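K.L.:
Keeping the supplied structure of chain S fixed, place chain D upon it in accordance with the hints.
Here is how the chains run, residue by residue.
Protein chains: 2
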Amino acid sequence: MTSAKTALAYLAEHRARHLDDLCEFLSIPSVSMDPAHRADMNHAAEWLAAYLRQIGMRHIEIITEGGLPIVYSEWLGAAAAPTLLIYGHYDVQPADPLAEWRTPPFTPTIIGDNLYARGASDDKGQVMAVIAALAAWLQTSGRLPVNVKLLIEGEEEVSSTALHRFVATAAERLRCDAVLLVDSMMLSPQQPLILYGTRGNCYLEVTVRGPATDLHSGTFGGVVDNPFNVLVRLLAALQDGDSRRVLVPGFYHKVREVDDAERALINQLPVSEQAWLALTGAPALAGESGFTALERASIRPTFDIHGIGGGFTGPGKKTVIPAQATAKLSMRLVPNQDPHEIAELVQTFLQRLAPPSVTLTVAVLSASHPVLVDYRQPAVQAASAAFAAAFGNPAAFSIGGGTLPIAATFQTCLHAPLIITGFGLPDDNLHAPNEKISLPCLFGGSEMVAHYLAELAAST
Amino acid sequence: MTSAKTALAYLAEHRARHLDDLCEFLSIPSVSMDPAHRADMNHAAEWLAAYLRQIGMRHIEIITEGGLPIVYSEWLGAAAAPTLLIYGHYDVQPADPLAEWRTPPFTPTIIGDNLYARGASDDKGQVMAVIAALAAWLQTSGRLPVNVKLLIEGEEEVSSTALHRFVATAAERLRCDAVLLVDSMMLSPQQPLILYGTRGNCYLEVTVRGPATDLHSGTFGGVVDNPFNVLVRLLAALQDGDSRRVLVPGFYHKVREVDDAERALINQLPVSEQAWLALTGAPALAGESGFTALERASIRPTFDIHGIGGGFTGPGKKTVIPAQATAKLSMRLVPNQDPHEIAELVQTFLQRLAPPSVTLTVAVLSASHPVLVDYRQPAVQAASAAFAAAFGNPAAFSIGGGTLPIAATFQTCLHAPLIITGFGLPDDNLHAPNEKISLPCLFGGSEMVAHYLAELAAST
Chain S
14 MTSAKTALAY
24 LAEHRARHLD
34 DLCEFLSIPS
44 VSMDPAHRAD
54 MNHAAEWLAA
64 YLRQIGMRHI
74 EIITEGGLPI
84 VYSEWLGAAA
94 APTLLIYGHY
104 DVQPADPLAE
114 WRTPPFTPTI
124 IGDNLYARGA
134 SDDKGQVMAV
144 IAALAAWLQT
154 SGRLPVNVKL
164 LIEGEEEVSS
174 TALHRFVATA
184 AERLRCDAVL
194 LVDSMMLSPQ
204 QPLILYGTRG
214 NCYLEVTVRG
224 PATDLHSGTF
234 GGVVDNPFNV
244 LVRLLAALQD
254 GDSRRVLVPG
264 FYHKVREVDD
274 AERALINQLP
284 VSEQAWLALT
294 GAPALAGESG
304 FTALERASIR
314 PTFDIHGIGG
324 GFTGPGKKTV
334 IPAQATAKLS
344 MRLVPNQDPH
354 EIAELVQTFL
364 QRLAPPSVTL
374 TVAVLSASHP
384 VLVDYRQPAV
394 QAASAAFAAA
404 FGNPAAFSIG
414 GGTLPIAATF
424 QTCLHAPLII
434 TGFGLPDDNL
444 HAPNEKISLP
454 CLFGGSEMVA
464 HYLAELAAST
Chain D
14 MTSAKTALAY
24 LAEHRARHLD
34 DLCEFLSIPS
44 VSMDPAHRAD
54 MNHAAEWLAA
64 YLRQIGMRHI
74 EIITEGGLPI
84 VYSEWLGAAA
94 APTLLIYGHY
104 DVQPADPLAE
114 WRTPPFTPTI
124 IGDNLYARGA
134 SDDKGQVMAV
144 IAALAAWLQT
154 SGRLPVNVKL
164 LIEGEEEVSS
174 TALHRFVATA
184 AERLRCDAVL
194 LVDSMMLSPQ
204 QPLILYGTRG
214 NCYLEVTVRG
224 PATDLHSGTF
234 GGVVDNPFNV
244 LVRLLAALQD
254 GDSRRVLVPG
264 FYHKVREVDD
274 AERALINQLP
284 VSEQAWLALT
294 GAPALAGESG
304 FTALERASIR
314 PTFDIHGIGG
324 GFTGPGKKTV
334 IPAQATAKLS
344 MRLVPNQDPH
354 EIAELVQTFL
364 QRLAPPSVTL
374 TVAVLSASHP
384 VLVDYRQPAV
394 QAASAAFAAA
404 FGNPAAFSIG
414 GGTLPIAATF
424 QTCLHAPLII
434 TGFGLPDDNL
444 HAPNEKISLP
454 CLFGGSEMVA
464 HYLAELAAST
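Protein chains in written order, with my numbering: chain S, 14 to 473; chain D, 14 to 473.
There could be a bad hint or two in this list.
If chains are identical, the list can't say which one is meant, so a pair holds when it fits in one copy or spans any two.
[To be verified] In silico SDA-like cross-links for lysine to any residue, where the CA-CA straight-line distance does not exceed 25 Å:
id : residue 1 : residue 2
1  : Lys331    : Gly320
2  : Lys331    : Glu354
3  : Lys330    : Arg222
4  : Lys331    : Gly125
5  : Lys330    : Ala91
6  : Lys330    : Thr220
7  : Lys330    : Gly320
8  : Lys331    : Pro202
9  : Lys331    : His56
10 : Lys331    : Asn447
11 : Lys331    : Thr220
12 : Lys18     : Asp227
13 : Lys18     : Leu427
14 : Lys162    : Ala471
15 : Lys331    : Arg222
16 : Lys331    : Met46
17 : Lys267    : Thr425
18 : Lys267    : Asp227
19 : Lys162    : Ser472
20 : Lys162    : Trp60
21 : Lys330    : Ala421
22 : Lys267    : Pro348
23 : Lys267    : Pro418
24 : Lys331    : Ala445
25 : Lys331    : Arg28
Hints listed in this document are in silico derivations from the structure and should not be mistaken for laboratory results.
Here the structure is a predicted model, which means the values were calculated and not measured.
Bound conformation, chain S alone:
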């Protein structure tokens, strides 16, 4: 096994410089959501390409696919060794509300053990942690232990349209033995976390239309149906109030059975019900009966209403029968539920319940597949070992409750194991003012990647 020792020494020696480089990268306001920052997006992509050239990556390319630039880079000099695709993104969330930042969002500032800036944790800091590890190997050994394909996109915060297109069309070029997605977090500074899957999502908009216009509820109350009265009945029919199970026939048919070993693995995660309560401020936890909170957050599907529009919600009282009511709702899905099939089932169920006094439409706003990886595979276990070497503890394993549509695309197109992980922390203020990254996590992240390249080379 190639030793990571000299690479680690290089990382330790060059921390200050790597930090300076990261600060330079963070000072480019690459806000993908805001067209006013289009030039900054190009600037950030070009900065990144130039940086990769400088550390010794061989092939560097900027790909657009009709969207914001994707920075793609390869080092394929380890002929017999496996190939690792590493994913991250350089676009960031807008910095609003600006007034709530204690330091300027695009003037990176170190306070104690933390570096504050928009993108520090999500995801420029994590990307630069990876690149520092590549630099350390390339500068000390003149080579990497494995082949590396690096894919850093600029549309993660705005749905990755260009990247989905690129991956779907360049599967041969992106062929690899493992995909390391570095855009996530650790449970604590000492406890790394690997997600061996994510939930999918089926996001629907359900609209009930009644009268042609809003009507006075005195004159017409009791005569025409009220779209809100109908909608709450339909929505309530979707979920049992006691068991919290979804009542749509067929909803659970394809849900994967999880064996005791995996349930035990998930329940090992050091997150207590008390911690959930403290974190959320909810009066009590609640969810599908028969499962622990950790199971309900990972291996079980959910049903959530996000909002209901169309009526009167201003101050005071208005006695109106609204012409329509529209609910936004989504279901987190688990393997092997199919989001399109679930959308169909829900639509059929609701149409059957809707009375003739209203019209019902169901629009599918998004349909993302769940992802599941066999965490016992060597490429995944090697990542845990690399974490153990860098942070003193092997990774905890779980399935992410959220949805990572690009992970499903990687899995479908590349057929390689995914390792979804990262070096952020739960208190990094992602998408919020005063975003930061912990310096120990940042430096540890580089060490983990430096180890992982060697571990992966040895694992196959």
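P.N.:
Okay, now just chain D, sitting in the frame of chain S:
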């Protein structure tokens, strides 16, 4: 019986002048809702007081009761005759959206048989129709056939707070044998309508609170309760989806039994189900089983949700578990339901259903009592006869589906029969651009009042 003949002749002769006077009154923008029109409110009250003095009313007074001015006037020279209290209002709705008016809202304009202006129908036109009738009697006979107390308020569009206070404290002074409320409409230019009651209203705001802040539905979905999921279940539990009956125990206990004669009277109203459909544009009518649409709009209570706030309703999709969800809902009540008692019953019912994973609060935004008048009383039947004399048809009788809180206050404080009627039409664009009054209804309204004073004198 004193003949209305000379008064009617006077009305016929002075139509142009009465119309000019009304136009002058309409040109004062007495918008009670807008503090910027405070001076206009005073101006309108003073204009009205001066006008009443000029036509020969004896006592004229402007009363404030801490609110916008009430114009009160008396003519009590018919010693042995009954006393009629007449109610109307001189405040108007705001004129927005201004761009949709075809003629300026405060520049009264006659087009064909209609007079267009804000307040033309609601309620300045109707008030001036009454005053023209008083003027006709006073100018031709030097007296009125009955004693008249005229109460014209300036807060009808903003909840009549001052008037409620005044009526409650001046019951002795306002003592009367009948109350004529002139702020309503006819079914058509040939078909007058008298409401012998109105529904009450119990307006509630139901708030379900869960987590302390909005949460990500991927991370926390399935772990904490979603206030929207809970709220739709609670709201759905309030009403049966098939019978459309309210399921709150005790809700119907005090609902008055309506005998066959009264049901027949209500079902006589010339409004077909086809007309309801055409008017509302609803795909089908719906309401409590076992009752006709006309019954459901008058003698049966209702339950309507007006809107639900608190979640995400913008364009696109946001995967949030909202921290709270708030529904506005109301129930129209019929005699002898008590709005405060109903609020209690609903609150108890909902609290019993709410799970420990949320907190529930119920706020009572308003509680208005229903009103019921015995329509067989002479003072009411006399009004129908006056309509027959003026419009060729006696009045149809029904109970108003909406709520008239001041009617309940009159009934409670004055113990006199109420005649709730008016000279507007369903297409008068109340509260909307291009409000108008039909000139035949306006002039016919004056004739109806002129007749009614004589009919009332003769009826007792």
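K.L.:
When Cα atoms must be at most 25 Å apart, do Lys18 and Asp227 count as within-copy, between-copy, both, or neither?
P.N.:
For Lys18 and Asp227, neither the intra-copy (72 Å) nor the inter-copy (45 Å) Cα distance is at most 25 Å.
K.L.:
How would you classify Lys330 and Ala91 at a CA-CA limit of 25 Å: within, between, both, or neither?
P.N.:
neither (71 Å within a copy, 44 Å between copies)
K.L.:
What label fits Lys267 with Pro348 when the C-alpha limit is 25 Å: within, between, both, or neither?
P.N.:
within (8 Å within a copy, 54 Å between copies)
K.L.:
One pair to classify: Lys331 and Glu354, alpha carbons no more than 25 Å apart. Within, between, both, or neither?
P.N.:
between (40 Å within a copy, 21 Å between copies)
K.L.:
State whether the alpha carbon distance between Lys331 and Asn447 is at most 25 Å within one copy, between copies, both, or neither.
P.N.:
Classified as between: cross-chain Cα gap 22 Å, same-chain 40 Å, threshold 25 Å.
K.L.:
Since the copies are identical, ignore which copy is meant and state whether Lys162 and Ala471 lie within 25 Å (CA to CA) inside a copy, between copies, both or neither.
P.N.:
For Lys162 and Ala471, the Cα distance is within 25 Å only inside one copy (18 Å; across copies 102 Å).
K.L.:
Between copies, within a copy, both or neither: which fits Lys331 and Thr220 at Cα up to 25 Å?
P.N.:
both (21 Å within a copy, 17 Å between copies)
K.L.:
At most 25 Å between alpha carbons: which applies to Lys330 and Arg222, within, between, both or neither?
P.N.:
both (22 Å within a copy, 20 Å between copies)
K.L.:
Reference check for the pair Lys331 and Ala445, CA-CA at most 25 Å: within, between, both, or neither?
P.N.:
For Lys331 and Ala445, only the inter-copy Cα distance (15 Å) is at most 25 Å; the intra-copy one is 35 Å.
K.L.:
Is it within, between, both, or neither for Lys331 and His56, if the alpha carbons may be no more than 25 Å apart?
P.N.:
Neither way: Lys331 and His56 sit 52 Å apart in one copy and 29 Å across, limit 25 Å.
K.L.:
When no copy is named, should Lys267 and Pro418 be tagged within, between, both, or neither for a Cα gap of at most 25 Å?
P.N.:
within (20 Å within a copy, 57 Å between copies)
K.L.:
Have a look at Lys331 and Met46 and pick one of within, between, both or neither, based on CA distance no larger than 25 Å.
P.N.:
between (37 Å within a copy, 15 Å between copies)
Checked against the numbered hints above, the structure violates hints 4, 5, 8, 9, 12, 13, 18, 25; every other hint is satisfied.
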